[in-house]
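Visitor: These are the residues of each chain, in order.
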Amino acid sequence: MRVKVDPDVCQGHTLCNLAAPHVFLLREDDGHAYVAAAEVPPDQEDLVRKAVATCPEGAISIDEAGEAGA
Amino acid sequence: MTTDDRVVIDFDQHSPDYREAYPEISHEIRNQCPAAWSERYGGYWIISGRDLIGEMAKHPDLLSNDHDPLGVRQGYGGVAIPSPVGGTNRGGFLEMDPPEQLEYRHVLNPFLSPAAVERWRPMVRDLTRACLDEVIESGHIDFVDDMANVVPAVLTMGLLGLPLVDWVIYCEPAHAMVYTPPHSPEFSRVLEGAIRMGAHLSEAMVTARTRPRPGMIRALIEAQNSGAAFSDDDIQGTLVLLIGGGFDTTTSLTAHALDWLDRHPAQRGPLASDAALLDTATEEFVRFATPAQGGGRTITRDCEIAGHQFRSGERVWMSYALANHDRDAFDDPDEIVLDRFPNRHAAFGLGVHRCIGSNLARMTFKTMLGEVLARVPEYRCQEGGAVRYEDIGTINGYKHLPADFPAGEREGPPLSDVIAQWQHTLDSAEPAT
Ligand code: SF4
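Residue numbers (the working numbering), protein chains in the order written: chain A, 121 to 190; chain B, 443 to 875.
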């Protein structure tokens, strides 16, 4: 699975970090999110799905088949 | 104007009916239409659907926050519905659109990021403990007057770079401005307090130019000096906004949570001992109560958003409060479920105007709640003692929340000493940014 945060849509609600603190990190200056790595470790995949569902802005997108291609 | 098929409802978020019917009223309104029209206050849309409000928040070009009481731009009414009469000033960057609004946020964001906020936690803890110490021997507390009004107010002084003891100048007027209806007999007294507060802020800005303390005021003035197009009026409007946002919302949130925990005492233990539960519960209390109930916008041109037609100049009430009880987005939205997660609530607003202080609010709330549950875990709210705001349409708040508990012993110095100690600490270091 691959994940990304759209920086134009993210507004720094920080709920992704609450869901998956190892995947979504928060910038020092404004608290907006970025991903630790685009490739999601298998044991984090469920947490990342939760993050997608809880982001109030819909800023996170995942590609379930990320490893194979995209 | 041609007739159209808008759904007209009888709605006024400032009315006693709304106060009594919230949050259940959310379903009735949304069933009629997630974008319904009220004829009050010159007419405005009420947006109550979670998905619709999210979609609309993505279009700051179509929905303007601008407030232009002097009519030098489009004459838009800003974020309050109804717009305040007689004012000349806009409410800081909340009543601006991007890119102007973003310049202010850019200056202030570094004070309010999760990392920056964390540095204030020890002060918030000490202040809360001192507030509880002040009443612990008596066995009585008014959670609002004795704690939840005090801690956020002192903290806001610290962030702004004002003397911490000045919290008393701002506290009463800042709260009273929000809950006193303009037609009430107390309003003129409240207005006087607000004017005093304004005068004090102007003075503080003068002082900040010559003898600046670290903090948001200094940062805004430095930005102005280095070329940002910030007018003195807009800086002052911004300070009033930060005070309003910093004081009243966290106070309300804390009162709601303590009131609910009074009725659900079995939940106190788990909340006190489980940090992860406190995290999700915080989001849930914010969702459920939506302390800042919504925001006004003005449509900038005829447009269609998610199938709804809007006309240029129309006013819109983005009701985060109603959207947070949308059954399509939340299971059992009228229940507080402490471990609800995911929880894509809109209580901090959405889009570019997302509450800039959300991280500060969370930290302050969690600290206050944690200390209450540690020091007076057996508190009982006094029967019939809670006094909610008459008008919850702007802030869904409490004036009073008195409670009793078994008296205990002081653990630390008086509040005034704690404030003085922290002032000393702040003066000898530069903690936040
Ligand atoms: S939850 Fe969404 S908006 Fe919030 S920080 Fe994460 S990605 Fe950004």
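Heads up, a few of these hints could be off.
As the list claims (entries may be wrong) - Over 12 Å on every C-beta distance to chain B, these chain A residues come out as not near it, computed from the model:
no.	residue
1	N137
2	D149
3	G151
4	H152
5	V155
6	A156
7	E159
8	Q164
9	E165
10	R169
To be verified - Think about it this way: if two alpha-carbon atoms lie no more than 27 Å apart in a straight line, the pair counts; the simulated BS3-like pairs of lysine-lysine are:
no.	chain 1	residue 1	chain 2	residue 2
11	A	K124	B	K500
12	A	K170	B	K500
13	A	K170	A	K124
14	B	K841	B	K808
15	A	K170	B	K808
Calculated directly from the structure, the hints in this document are not laboratory data.
Where a beta carbon is used, it is the ideal one built from N, C-alpha and C, also for glycine.
Visitor: All the hints need checking, so say for each whether the structure fits it.
Guide: Tested hints:
1. Some Cβ of chain B comes within 12 Å of the Cβ of N137 of chain A; the nearest lies about 8 Å off, and the non-interface call is violated.
2. Once the 12 Å rule is applied to beta carbons, D149 of chain A is inconsistent with being away from chain B; the minimum gap is 5 Å.
3. Residue placement check: G151 of chain A does not keep its beta carbon more than 12 Å from all beta carbons of chain B (closest about 4 Å).
4. Against the 12 Å criterion, H152 of chain A falls within the reach of chain B, whose nearest CB is about 9 Å from its own CB.
5. The non-interface label for V155 of chain A is consistent with chain B: the shortest C-beta to C-beta separation is roughly 16 Å, beyond 12 Å.
6. In this structure A156 of chain A is separated from chain B by more than 12 Å, as the shortest Cβ-Cβ distance comes to about 16 Å.
7. Listed as outside the interface, E159 of chain A is consistent with that label: its C-beta sits roughly 23 Å from the nearest C-beta of chain B, beyond the 12 Å cut-off.
8. Every beta carbon of chain B lies more than 12 Å from that of Q164 of chain A, the smallest distance being close to 16 Å; the non-interface claim holds.
9. Residue placement check: E165 of chain A keeps its beta carbon more than 12 Å from all beta carbons of chain B (closest about 15 Å).
10. A Cβ of chain B approaches the Cβ of R169 of chain A within 12 Å, the least distance being about 9 Å, so the stated non-interface status is violated.
11. Of the pairs offered as hints, the one joining K124 of chain A and K500 of chain B holds, with about 19 Å between alpha carbons and a cut-off of 27 Å not exceeded.
12. For a cut-off of 27 Å, the pair hint linking K170 of chain A to K500 of chain B stands: about 22 Å separates their Cα positions.
13. About 14 Å separates the Cα atoms of K170 of chain A and K124 of chain A, which keeps this hinted pair within 27 Å; it holds.
14. The suggested pairing of K841 of chain B with K808 of chain B holds, with an alpha-carbon distance near 20 Å, which does not exceed 27 Å.
15. At most 27 Å may separate the alpha-carbon atoms for a hinted pair to count; K170 of chain A and K808 of chain B meet this at roughly 23 Å.
In the structure shown, a violation is registered for the earlier hints numbered 1, 2, 3, 4 and 10, in ascending order.
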